[in-house]
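> Sequence:
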Amino acid sequence: MASKFARFMNSETGPKTIHFWAPVMKWTLVFAGISDIQRPVESMSGTQQLALLATGVIWTRWCLIIKPKNYLLASVNFFLGTVAGYQVFRIYNYQREVKQLTVGESILAMVKTEEPKKEPATN
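For the sequence shown, position 108 matches number 115 in the working numbering, and the numbering has no gaps at all.
For the record, the hints were derived by calculation from the structure and aren't laboratory data.
Check each hint, because a few of them may be wrong.
Beta-carbon label-pair distances, calculated as ranges [what the hints assert, rightly or not]:
1. 50 x 76: 36 to 42 Å
2. 89 x 17: 47 to 53 Å
3. 32 x 89: 15 to 21 Å
4. 9 x 46: 42 to 48 Å
5. 16 x 115: 49 to 55 Å
6. 75 x 47: 38 to 44 Å
7. 34 x 104: 30 to 36 Å
8. 46 x 23: 50 to 56 Å
9. 65 x 41: 34 to 40 Å
10. 28 x 65: 16 to 22 Å
11. 23 x 69: 53 to 59 Å
Glycine is no exception: its CB is placed at the ideal position from the N, C-alpha and C atoms.
Required output: the full structure, derived from the provided sequences and hints.
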């Protein structure tokens, strides 16, 4: 009978496969999101956080459908979506409270990108 460690090492989602190392590396995104909690909300990108939220939600579900089921990848995507959701909530509240925007305006402001400022031509 093989030990639990040997079964883990040789499993379809063990450390000898990409199914193990991809989620391990993806944890850096979660840690970066957690460190952004201390960042001023006005310097955060609503578009980026919405993309991370969508990624977390979609891939959490997908990891439970594919074979082999990858619970490590599902967990990292769940936490990625959770952290990004919290950041989206912070940005949304900032848009509502500080800028006194309506709900629709707040959501549009979150995803709107700033236009680059054009400098007048000097001749």
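> Decide, hint by hint, whether the structure agrees.
A quick look at each hint next to the structure:
no., hint, result
1, 50 x 76: 36 to 42 Å, "38 Å, holds"
2, 89 x 17: 47 to 53 Å, "32 Å, violated"
3, 32 x 89: 15 to 21 Å, "19 Å, holds"
4, 9 x 46: 42 to 48 Å, "47 Å, holds"
5, 16 x 115: 49 to 55 Å, "50 Å, holds"
6, 75 x 47: 38 to 44 Å, "42 Å, holds"
7, 34 x 104: 30 to 36 Å, "32 Å, holds"
8, 46 x 23: 50 to 56 Å, "37 Å, violated"
9, 65 x 41: 34 to 40 Å, "21 Å, violated"
10, 28 x 65: 16 to 22 Å, "21 Å, holds"
11, 23 x 69: 53 to 59 Å, "22 Å, violated"
The earlier numbered hints that this structure contradicts are 2, 8, 9, 11.
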